[in-house]
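Peer 1: Following the hints, position chain B against chain A.
Listed below, chain by chain, are the residues.
There are 2 protein chains.
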Amino acid sequence: MKDMNDSPLYKMMHPKSIAFWGASKDPTGMGSFQLAQLLALGFEGAVYPIHPKDKKVNGLPAYANIRDVPGPVDLAVFVLPTRVVPEILEECGQAGITRIIITSAGFGEMGSEGKDVQDRLVEIARRYGISFLGPNCIGVVNPYTKLNTTFFPYEVSPGFIGMASQSGSFVTQMFSYLGNFGLGFSQAFSVGNEAMLDLTDCIEYLGFCPNTKVIALYVEGIRRGREFVRVAREVSKKKPIVAYYVGGSEAGSRAGKSHTGALAGPDPLYDGIFKQCGIIRASSAAELFDMCFVLGTQPLPRGDRVAVLTHSGGPGAAAADTVDRTGLKLANFSSNTFEQLAALLPHTGRMSNPVDLTFNRSPRDYVEAIPSALLQDKGVDSLFIYLLMPAHRVAQVIEATGVSKEKAKMMAAEFVNIQAELAASLAPKFGKPVVGGSFATREDPYTRELQDRGVPMLPSPERAIRALAALHRYARTRRDLSRSGG
Amino acid sequence: MKDMNDSPLYKMMHPKSIAFWGASKDPTGMGSFQLAQLLALGFEGAVYPIHPKDKKVNGLPAYANIRDVPGPVDLAVFVLPTRVVPEILEECGQAGITRIIITSAGFGEMGSEGKDVQDRLVEIARRYGISFLGPNCIGVVNPYTKLNTTFFPYEVSPGFIGMASQSGSFVTQMFSYLGNFGLGFSQAFSVGNEAMLDLTDCIEYLGFCPNTKVIALYVEGIRRGREFVRVAREVSKKKPIVAYYVGGSEAGSRAGKSHTGALAGPDPLYDGIFKQCGIIRASSAAELFDMCFVLGTQPLPRGDRVAVLTHSGGPGAAAADTVDRTGLKLANFSSNTFEQLAALLPHTGRMSNPVDLTFNRSPRDYVEAIPSALLQDKGVDSLFIYLLMPAHRVAQVIEATGVSKEKAKMMAAEFVNIQAELAASLAPKFGKPVVGGSFATREDPYTRELQDRGVPMLPSPERAIRALAALHRYARTRRDLSRSGG
Numbered sequence: 001m002k003d004m005n006d007s008p009l010y011k012m013m014h015p016k017s018i019a020f021w022g023a024s025k026d027p028t029g030m031g032s033f034q035l036a037q038l039l040a041l042g043f044e045g046a047v048y049p050i051h052p053k054d055k056k057v058n059g060l061p062a063y064a065n066i067r068d069v070p071g072p073v074d075l076a077v078f079v080l081p082t083r084v085v086p087e088i089l090e091e092c093g094q095a096g097i098t099r100i101i102i103t104s105a106g107f108g109e110m111g112s113e114g115k116d117v118q119d120r121l122v123e124i125a126r127r128y129g130i131s132f133l134g135p136n137c138i139g140v141v142n143p144y145t146k147l148n149t150t151f152f153p154y155e156v157s158p159g160f161i162g163m164a165s166q167s168g169s170f171v172t173q174m175f176s177y178l179g180n181f182g183l184g185f186s187q188a189f190s191v192g193n194e195a196m197l198d199l200t201d202c203i204e205y206l207g208f209c210p211n212t213k214v215i216a217l218y219v220e221g222i223r224r225g226r227e228f229v230r231v232a233r234e235v236s237k238k239k240p241i242v243a244y245y246v247g248g249s250e251a252g253s254r255a256g257k258s259h260t261g262a263l264a265g266p267d268p269l270y271d272g273i274f275k276q277c278g279i280i281r282a283s284s285a286a287e288l289f290d291m292c293f294v295l296g297t298q299p300l301p302r303g304d305r306v307a308v309l310t311h312s313g314g315p316g317a318a319a320a321d322t323v324d325r326t327g328l329k330l331a332n333f334s335s336n337t338f339e340q341l342a343a344l345l346p347h348t349g350r351m352s353n354p355v356d357l358t359f360n361r362s363p364r365d366y367v368e369a370i371p372s373a374l375l376q377d378k379g380v381d382s383l384f385i386y387l388l389m390p391a392h393r394v395a396q397v398i399e400a401t402g403v404s405k406e407k408a409k410m411m412a413a414e415f416v417n418i419q420a421e422l423a424a425s426l427a428p429k430f431g432k433p434v435v436g437g438s439f440a441t442r443e444d445p446y447t448r449e450l451q452d453r454g455v456p457m458l459p460s461p462e463r464a465i466r467a468l469a470a471l472h473r474y475a476r477t478r479r480d481l482s483r484s485g486g
Numbered sequence: 001m002k003d004m005n006d007s008p009l010y011k012m013m014h015p016k017s018i019a020f021w022g023a024s025k026d027p028t029g030m031g032s033f034q035l036a037q038l039l040a041l042g043f044e045g046a047v048y049p050i051h052p053k054d055k056k057v058n059g060l061p062a063y064a065n066i067r068d069v070p071g072p073v074d075l076a077v078f079v080l081p082t083r084v085v086p087e088i089l090e091e092c093g094q095a096g097i098t099r100i101i102i103t104s105a106g107f108g109e110m111g112s113e114g115k116d117v118q119d120r121l122v123e124i125a126r127r128y129g130i131s132f133l134g135p136n137c138i139g140v141v142n143p144y145t146k147l148n149t150t151f152f153p154y155e156v157s158p159g160f161i162g163m164a165s166q167s168g169s170f171v172t173q174m175f176s177y178l179g180n181f182g183l184g185f186s187q188a189f190s191v192g193n194e195a196m197l198d199l200t201d202c203i204e205y206l207g208f209c210p211n212t213k214v215i216a217l218y219v220e221g222i223r224r225g226r227e228f229v230r231v232a233r234e235v236s237k238k239k240p241i242v243a244y245y246v247g248g249s250e251a252g253s254r255a256g257k258s259h260t261g262a263l264a265g266p267d268p269l270y271d272g273i274f275k276q277c278g279i280i281r282a283s284s285a286a287e288l289f290d291m292c293f294v295l296g297t298q299p300l301p302r303g304d305r306v307a308v309l310t311h312s313g314g315p316g317a318a319a320a321d322t323v324d325r326t327g328l329k330l331a332n333f334s335s336n337t338f339e340q341l342a343a344l345l346p347h348t349g350r351m352s353n354p355v356d357l358t359f360n361r362s363p364r365d366y367v368e369a370i371p372s373a374l375l376q377d378k379g380v381d382s383l384f385i386y387l388l389m390p391a392h393r394v395a396q397v398i399e400a401t402g403v404s405k406e407k408a409k410m411m412a413a414e415f416v417n418i419q420a421e422l423a424a425s426l427a428p429k430f431g432k433p434v435v436g437g438s439f440a441t442r443e444d445p446y447t448r449e450l451q452d453r454g455v456p457m458l459p460s461p462e463r464a465i466r467a468l469a470a471l472h473r474y475a476r477t478r479r480d481l482s483r484s485g486g
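Order-wise, the sequence lines are chains A and B.
Quick note: the first sequence uses this note's numbering, first residue 1, plus one each step.
Quick note: the second sequence uses this note's numbering, first residue 1, plus one each step.
Next comes chain A alone, as it looks inside the complex (with noise of 0.2 Å):
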């Protein structure tokens, strides 16, 4: 594959038009539920829902079958009974639709019988020419052509990045989760039981996608290996892949098997395949999507060494153990560094690493002058600076100075976004990767300032130092990808 164009996902999420079948005049219903997403995201295409007798759905015309459709379809999308899907999809072929995703389970996941027919789905697509994905799954989703096929509101901005999973939950009930730190998805897919399209296929269409900064998959077990490890391999070297992978333990891999019939396999197996082919392995879903927001915000290290900046001590040695504990090093700052340091500390500060002012004595020092004299540092190959500045407590050291209370807030608001932009600076300035963290989420305006400006804030100085770990892993893993050549 050359293009992202040569893949059979490019059309599937690039439809200019789509036949709907399952939605009916009744709202309450499901595939009526899974339309009105699409319609509500704001797809401008042709949607022509099918349906044997209702003549209106969703406020659109309805089609008795797809015959009856006045254009071209680019996608079709089957929320039907299992027992129907065989002979829908013969009739979708004979229309001339190659593109389907299918959201029916019942198939391969439920044994042999259900396999027998996932079979027959097969057979008629191949005969057809036609590519589906699922059966099985909840859809895609693709913000950037307002597509959004699954039974979720999309109501995000879009984001950076390309998610392949095997749990449709995985995809769709991370959408608000994503908001939450100001991330999205560029692209997502469901890819339920992979009767036909399978992560492989997505790892290699989304290494093409240019809004893709950052590939995360949800894995139970892995079905075409030789051909996973081969394009997994080869797309590690443009962007990096994180995977969350259960079917490593018992309970994991039987828990995988009765949901898409995927065959998982032990840990170790897992971390050797992840390894040969540069793949970043997250221990949670949580820890996926953490380690995508800095490595898809972030420049690569150089080498392990780590500076801890922070005006609080126990985040401070938090930050400094769980360093420690990813294999990461704590930077030894140079004697021209020190002496920066020196004239910019409180008596009761820190200078060795982690850095610690014990109060933040000026503000603007933390964000520019101290964290700058860190990442000039030879010695220092990234930043991990605890930020927080509760905007209502700003406000009342402003009001206190006889400021009124709107205008005390108005400056308030103002001094966060300063901070937040010199912050942001940081990284791009010095090219070395910077990660945020404390304990407040995005409901604080400092923490989105920083995150809407693409700083990695998470939600504990150790989730932000195991995200940055990730991101030190991923350029070991580059250097050695490149080295090692095709």
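I should point out that these hints are in silico values taken from the structure, not numbers from a laboratory.
Take these hints with a grain of salt, some might be off.
Same chains, same names: a pair is fine if it fits in one copy or spans any two.
What the hints assert, rightly or not - Within a straight-line C-alpha distance of at most 30 Å, the following computed DSS-like cross-link-like pairs (lysine-lysine) qualify:
1. LYS55 to LYS213
2. LYS25 to LYS407
3. LYS237 to LYS213
4. LYS115 to LYS429
5. LYS115 to LYS56
6. LYS257 to LYS275
7. LYS56 to LYS407
8. LYS238 to LYS146
Peer 2: What follows is chain B alone, placed relative to chain A:
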């Protein structure tokens, strides 16, 4: 000690009057800020600001000297420059004040010179029968007596977590963090350099505190090892203690030493100490409080067999995987349980553990009939439920049936409350722990209603299971401790 009144900490946490050093007529100063938080929480006793010149401080009449204060003083708080602390301490001693919180830094944590001055403080205190907390601490909070001597506003409800912390940030910055889970402190101590009162004193005291259901520790190093073990072992027989220890790594140990001067030890040493006294170890600040949520609300399980209930396959597999990795076991169900499940699950559902409905057919069954079938099974010791019910989507469904927007919203809220009520009644009814989770936060009404009814709803299945594992560990520990006697 037989009672919490026997502890020197009792009077400190239940003062009728407070003398406050370091606040001034400048409302932006640290001391003024700190005093403002005490007044904001509504402390009902007398407050006497002491200031050499200012006559009015934070709206209260100020006194030039402690001798001028018109009434008895139960507690003194110092927010003073390092150099004046010994002198003021002496004055307090002469005035008969016996409980003091010294927030000033620049003592033992600064090396041998600072340590000498700190020793002098102890010598003065002993001479007058004073017990002080600190120096280099942030203070204490007891929301039940409306006491907050820190510089962060305590704006959440009083709770059941008693904390003793070698980092002030892990007290103050947790106020709003805990609020995000509907949690709060019963009492919390920032112990600073522990020149007199230390972690062990706090544990002993919190062991008797009736509002404290679980004790959280942030540890950089333990000072009185033998006493610590004796006290913690005794307290663990009554209530759980969870510790986040960061001194076990090289970097964490160095950071802790310069933070509060505490001496750390390698992980295996501390693991041994914690094990000896029944303390559960957490691997991050977030995990510390996750564990507190479960340990402080749920009954103790009799064995290690967990049932997992989900309607989302991926999160269910992630939960099952985490059950395995935390050393718990997925329960095997009895034939009677299978019979009950068969009548309640859709045909695409999965009856074996994890029980996966694949979609939430009957929301009421999901929190009543199905979990009851699982909890009545003698082979099930605890239950994890994936609890997700987006209230705005419920409202949409109701609205789609023709109900007005306003009414649909009310009906959805009522529906969510009933669901939460049913889920919350499971643990008390069956006497077995029930833990919930999803990727939603407290902004989601269902999550909020569940948390407010004491269901530990954690922000991912993985975190919920890890916290549940702490409860299982504590149940085992407590059996062992009671068997081995005093």
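Peer 1: So, for every hint listed, does it hold in this structure?
Peer 2: Against the structure, the hints come out as follows:
1. LYS55 to LYS213: neither (43 Å within a copy, 61 Å between copies)
2. LYS25 to LYS407: between (53 Å within a copy, 22 Å between copies)
3. LYS237 to LYS213: Intra 12 Å, inter 52 Å, cutoff 30 Å: intra-copy only.
4. LYS115 to LYS429: neither (55 Å within a copy, 42 Å between copies)
5. LYS115 to LYS56: neither (35 Å within a copy, 82 Å between copies)
6. LYS257 to LYS275: This pair counts as within: shortest intra-copy Cα distance 23 Å, inter-copy 37 Å.
7. LYS56 to LYS407: between (53 Å within a copy, 26 Å between copies)
8. LYS238 to LYS146: within (26 Å within a copy, 57 Å between copies)
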